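Listed here are the chains, written in short residue letters.
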Amino acid sequence: QVTLGGTLDLATRHVRNGDLGSMNSVVSGANTTSKLVIRGREDLGGGLSAGFFLDGTILADSGAANSPFWDRRATIGLTHQRYGEMRMGRDWVPTQLVWNSMDPFATLGIAGANTFRSVYGSRALGQAFGSNAAGASQNPTLRVANAVEYILPGGLGGFNGALIATAGEGGSAGAGQTKGDGFRLGWAQGAWQLGASQFTVRNAAAEERFTDRVWGVGYDAGFARFSLAQRRWAYGSDTTVNSLFGVSVPMGAGQLKLSVLRADQTGATDALSANDATLLGVGYVYALSKRTALYAHAARLSNQGGASFAIAGGPATSGVATAANYFGGQRSTGFELGMRQDF
Amino acid sequence: QVTLGGTLDLATRHVRNGDLGSMNSVVSGANTTSKLVIRGREDLGGGLSAGFFLDGTILADSGAANSPFWDRRATIGLTHQRYGEMRMGRDWVPTQLVWNSMDPFATLGIAGANTFRSVYGSRALGQAFGSNAAGASQNPTLRVANAVEYILPGGLGGFNGALIATAGEGGSAGAGQTKGDGFRLGWAQGAWQLGASQFTVRNAAAEERFTDRVWGVGYDAGFARFSLAQRRWAYGSDTTVNSLFGVSVPMGAGQLKLSVLRADQTGATDALSANDATLLGVGYVYALSKRTALYAHAARLSNQGGASFAIAGGPATSGVATAANYFGGQRSTGFELGMRQDF
Amino acid sequence: QVTLGGTLDLATRHVRNGDLGSMNSVVSGANTTSKLVIRGREDLGGGLSAGFFLDGTILADSGAANSPFWDRRATIGLTHQRYGEMRMGRDWVPTQLVWNSMDPFATLGIAGANTFRSVYGSRALGQAFGSNAAGASQNPTLRVANAVEYILPGGLGGFNGALIATAGEGGSAGAGQTKGDGFRLGWAQGAWQLGASQFTVRNAAAEERFTDRVWGVGYDAGFARFSLAQRRWAYGSDTTVNSLFGVSVPMGAGQLKLSVLRADQTGATDALSANDATLLGVGYVYALSKRTALYAHAARLSNQGGASFAIAGGPATSGVATAANYFGGQRSTGFELGMRQDF
Chain A
1 QVTLGGTLDL
11 ATRHVRNGDL
21 GSMNSVVSGA
31 NTTSKLVIRG
41 REDLGGGLSA
51 GFFLDGTILA
61 DSGAANSPFW
71 DRRATIGLTH
81 QRYGEMRMGR
91 DWVPTQLVWN
101 SMDPFATLGI
111 AGANTFRSVY
121 GSRALGQAFG
131 SNAAGASQNP
141 TLRVANAVEY
151 ILPGGLGGFN
161 GALIATAGEG
171 GSAGAGQTKG
181 DGFRLGWAQG
191 AWQLGASQFT
201 VRNAAAEERF
211 TDRVWGVGYD
221 AGFARFSLAQ
231 RRWAYGSDTT
241 VNSLFGVSVP
251 MGAGQLKLSV
261 LRADQTGATD
271 ALSANDATLL
281 GVGYVYALSK
291 RTALYAHAAR
301 LSNQGGASFA
311 IAGGPATSGV
321 ATAANYFGGQ
331 RSTGFELGMR
341 QDF
Chain B
1 QVTLGGTLDL
11 ATRHVRNGDL
21 GSMNSVVSGA
31 NTTSKLVIRG
41 REDLGGGLSA
51 GFFLDGTILA
61 DSGAANSPFW
71 DRRATIGLTH
81 QRYGEMRMGR
91 DWVPTQLVWN
101 SMDPFATLGI
111 AGANTFRSVY
121 GSRALGQAFG
131 SNAAGASQNP
141 TLRVANAVEY
151 ILPGGLGGFN
161 GALIATAGEG
171 GSAGAGQTKG
181 DGFRLGWAQG
191 AWQLGASQFT
201 VRNAAAEERF
211 TDRVWGVGYD
221 AGFARFSLAQ
231 RRWAYGSDTT
241 VNSLFGVSVP
251 MGAGQLKLSV
261 LRADQTGATD
271 ALSANDATLL
281 GVGYVYALSK
291 RTALYAHAAR
301 LSNQGGASFA
311 IAGGPATSGV
321 ATAANYFGGQ
331 RSTGFELGMR
341 QDF
Chain C
1 QVTLGGTLDL
11 ATRHVRNGDL
21 GSMNSVVSGA
31 NTTSKLVIRG
41 REDLGGGLSA
51 GFFLDGTILA
61 DSGAANSPFW
71 DRRATIGLTH
81 QRYGEMRMGR
91 DWVPTQLVWN
101 SMDPFATLGI
111 AGANTFRSVY
121 GSRALGQAFG
131 SNAAGASQNP
141 TLRVANAVEY
151 ILPGGLGGFN
161 GALIATAGEG
171 GSAGAGQTKG
181 DGFRLGWAQG
191 AWQLGASQFT
201 VRNAAAEERF
211 TDRVWGVGYD
221 AGFARFSLAQ
231 RRWAYGSDTT
241 VNSLFGVSVP
251 MGAGQLKLSV
261 LRADQTGATD
271 ALSANDATLL
281 GVGYVYALSK
291 RTALYAHAAR
301 LSNQGGASFA
311 IAGGPATSGV
321 ATAANYFGGQ
331 RSTGFELGMR
341 QDF
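Residue numbers (my numbering), protein chains in the order written: chain A, 1 to 343; chain B, 1 to 343; chain C, 1 to 343.
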């Protein structure tokens, strides 16, 4: 009734950050998040079942658990095969689920489509949740606490979807207590996959509204799977639009992946609107078995204007123009080689 | 030899705190504590067995673990079927075990018999362990670290009991390093269940003594189980006496629960002695299976004098008369609807 | 494919620290570290296998987990039975592995050979990593984060060995981000066991070099196993040399252990060079089964000069000559009685 599982994924990474030099590191979860999962499901009869799910990131390079421990998911749900599921707890925001499904790199590693999900680099995120460590780790563009959800059942002619609302409990979204609501709606049939989603945060900084919107289209041509998607963050006058084009090509026991990611920011001034960036990513995953794989990724991130995004794992950068390690307009390149095992 | 188990329990809660307004929240463990348990037992032959037990709360609404991680129990024990068990580690105080066995709500949720277990509301607790976050989470009225215990074997004509002593290790009880000792003694036969217990803390604030005493009587009349119990906390001139009357009525696949809880405080002044409170609770638990249940609870807490107890999960309250959110003498009401699954 | 295991080990301890008096405590892991282990191995065919290993200390006396959670090990590895293993993650330093294999007390408890591994007592450790809590818990003489390792295969005529390099990632060794490299080489055949190892930290305090060197010889005469080993820490002008002589005697279902440990410090002044200490340890372990044991240890630690080492678990000591609890030159004695169960 209870299943213990998870993943261990470690890689060595080399990142060069423009004229700031380069750094080597060992990183966790560049292909699949290192994690511990404990879950169970019970058939209650009459089409009804109950299940729980605990899922927590392992930062396997240092051996640390994340905070909160079950940061990825902690839910209980009651499912009727015809009427769908009611679920409560900590869960993914629907926008991230759609966005992730369109990215050949699953939003992980140096080429992942969440590379621009930075409260330091994206002004919309930074203004809404704080350009600081709490805002970086707790902002509600991945998962949210205190959620109540309704999830559509399977077998609806290819449609899937969900509604979600979260209780802020008197706290702030930048500290992990998000008052929000949203939905996702998708359709998958044959070679096609469509998805759209929105999550609105009602207690971002200054009790203002932050919106996170995603749409995506995937097409599997057999020799390759193509995807096109967009994720838009808006807070006040600031927006960051992430545009993604991805290709995934099966090659024997392996898989070749390519992606182009673009961040287009607009803000109150021309200077803020010029802070854009582009990421090119390429990767190869070689399956040693169904559960175990080796992989290599390469990526190049180019900033325009004063944009100061960087691939994680390089020398420390700053977006402050007067700082010694100011990174505005510079280029970050990275390479990583790793191994992943699901258990 | 090793068993992985636990519970996931989540609920939505609505609490109104007098004229301070109301708040919605998602909460963990209102019917059964959300927890992770790893335990094992080994038969050594000759009536001897050895076992260990690890049990840690999961704050499933946010996905967090508690601190310490195995906050509920971390013990090893050697048991002889005739001579009883020697046990060491972190374990429950005996008073809480007796108190819990008398409460239809198992001291959990908005109607639980530990609602007045607050270092902010009970002056005896606050003075002994500090009216602050450390005192609230670490005070030894639930569990204690560094315990050595002796537990009576089964088969003693219905009697059960235990002795416990804990090493303070040079720290203070309000910080979780309790120097204490205590016992519990019970008798159960047929419809009757009796219990008495005491735990004395010898290093409460100012190295003074704090005593926690519980007695209780339960009677199962078949159509309903009745219980009557009292828990008394004393520190210096301050006492808080919790009196409990509980009823639990089996109803088909469900169970109806009722409880009346009363906190009667006495202190150095008439004003302190007037700070009493009453809690009325009613609940219904509907079993979907042996392991899974839905439940609904309602509760009303009435403060007298300057007492400022509140049901957890409402707008923040204060017991300081000059504070904007002073709650003295006000009423707190709550409702919660949840689901629980054991695994 | 996934195995859940570990150990629970708790003991009661009594330590007297010279004229500072004595203290009782309950301690975790005096015979075998209390821990939780999750691991798995997968045969990939062709002599190749993949495996992961998660291992985290449980501080079972208080119920706490350590920080990081998987402090003992978090690795993934690809092994070829003929070419050896490539491994990444958090792992043991090779010096500790050799040192541990020579100690009858496995470097644990009051008589363990890591008693002098203290940033407060060993000036070489304190100067290199900081005489503070971070340096005490994070210094790289037990385990290191961000490691890449190569481990020799079995079947090399009794030889075993490994190479390790760790990425500092721009941090400092005293904060757990060690830039280091090292090796171990051993040989075991018949009654003999030899081992040598070195680990060099390149970013100790002031970006200076710290070296940790171990050699050891073990001989199993049948009626007893004897071991002789030395561990040398050097930073700038300060060195601490730990010399160990150990004996382990099988006695029926039990085992008698004896050890003599000596810390010989040298430094820039005669006073620093005079700060030496000696530890005498004796223990008996009685196996109740293959997995469960009772044990008793006694130890006496004698400081010379101004050395202020102490057995853990006694009244707080200080190495500062003007402190009220200055312990320089005093004697610490201890006794512990415990139980251990592997699961």
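I should point out that these hints are in silico values taken from the structure, not numbers from a laboratory. Bear in mind the structure is a predicted one, so any value in this text is a computation, not a measurement. Note that CB positions come from ideal geometry on N, CA and C, so glycine has one too. Watch out, some of these pointers could steer you wrong.
[Said to hold, decoys possible] Restraint ranges, calculated between C-beta atoms of paired labels, are given here:
1) A:G154 to B:G5: 53 to 63 Å
2) C:Q189 to A:Y286: 33 to 43 Å
3) C:R209 to B:R202: 31 to 41 Å
4) A:T3 to B:L44: 26 to 36 Å
5) A:P250 to B:L44: 50 to 60 Å
6) C:M86 to B:G5: 54 to 64 Å
7) A:A296 to C:G329: 52 to 62 Å
8) B:G254 to A:Q189: 14 to 24 Å
9) C:V217 to A:A324: 28 to 38 Å
10) A:F223 to C:M86: 25 to 35 Å
11) A:T3 to B:A221: 36 to 46 Å
12) B:G305 to A:G154: 43 to 53 Å
[Said to hold, decoys possible] Dumping the calculated EDC-like pairs for lysine to aspartate or glutamate here, alpha-carbon to alpha-carbon at most 20 Å:
13) C:K290 to B:D264
14) B:K290 to A:D43
15) A:K290 to C:E42
16) B:K290 to A:E42
17) A:K290 to C:E208
18) C:K290 to B:E208
Could you work out which earlier hints the structure fails to respect and list their numbers in ascending sequence?
-> Structure breaks hints 1, 3, 6, 8, 9, 12, 13, 17, 18.
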